[in-house]
Structure formats: structure tokens, C-alpha cells
Amino acid sequence: MTDAELEALVKLIGPARHIVIGTDTTSRAHGHRIAEAWGGLVLATVTWPETAASWLRQARRFAAPDPDVWVVSATPAGWAGMSRRLELSTGWSPHRTVATAKLADVPGLRGARTDGTTWEN
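Under the numbering used here, think of the first position of the sequence shown as 1, with each following residue one higher.
Quick caveat, the hints were computed from the structure, so don't treat them as lab data.
Every value quoted in this text rests on a predicted model; they were computed, and no experiment measured them.
Mixed in with the good hints, there may be bad ones.
Said to hold, decoys possible - Derived CB-CB ranges, DEER-like: (1) Arg17 to Ala53: 33 to 41 Å; (2) Gly40 to Ser93: 26 to 34 Å; (3) Asp115 to Ala64: 30 to 38 Å; (4) His32 to Gly116: 19 to 27 Å; (5) Thr117 to Ala53: 21 to 29 Å.
Idealized CB from N, CA, C, for every residue including glycine.
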């Protein structure tokens, strides 16, 4: 994650009162950087594997706090199974989710590119 991407992501989080951060195991360090840069209340940080039997436990932990904004830093492979489980089993909303550059091609999300520009699908 670049500094420009992190800065743009924090702007997208905006005036949220609280967030939940989700990462796959390869992006865990990004979650820590996001929490530190944002500086607000992080209700939970949830990490999931790229492959799992169902991701149900992680999806419930990710969605349960019902934050103002969910923040995701994951690879497309790591997010694919998790997002399917979120859609099927929780009240998660992609419209309240911002993501890092790796997920720029995922429909329904918005986020920041490595150069600091933003995207919305």
C-alpha cells in the first residue's frame, strides 16, 4: 500500500464514527496502517484466509459491529469467498465499504488506487 493510497482511503472513510477493518492473511499489515492513519475508533479487525470451508465465522465477526464504514484490504482471491459469505449470511453492505487498490475491479465497492485517485464500481 502506497502513502498516496492510504491518504485517499482515509479521506474516503471521512467523518465515520467507527469502522471495521477486514484483511486476508497476506494484507494484515495494511489493516494496521489503515487503523493508525485513520486514528478513530476501530470496532474490530478481522482477518480471514484466502481459502476456507465457509468463512462464516469471519463474516459474522466482520459484519456484527455494524460500523459506519467497513474497510477491506485483501487480494481478489482472498475477498471473493469472504464477500460471497457476507452477502449470503449477514447484513453487510458493499455501499458502506471502501477498499484498497487490489480490489479496484470488484463491482459494488469504492476505494483508492496506489496513485491516490479513487474509484467506484
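Now the hints, each set against the structure:
At roughly 34 Å, the beta carbons of Arg17 and Ala53 sit within the given window of 33 to 41 Å. Between Gly40 and Ser93 the beta carbon distance is about 19 Å. The supplied range of 26 to 34 Å is therefore violated. The hint said 30 to 38 Å for the Cβ distance between Asp115 and Ala64, and at roughly 34 Å that hint holds. For the hinted restraint 19 to 27 Å between His32 and Gly116, the CB-CB distance of approximately 20 Å keeps it satisfied.
Separation of Thr117 from Ala53 is about 37 Å and departs from the stated range, judged on CB atoms against 21 to 29 Å.
When the structure is compared with the earlier hints, violations turn up for hints 2, 5 and for no others.
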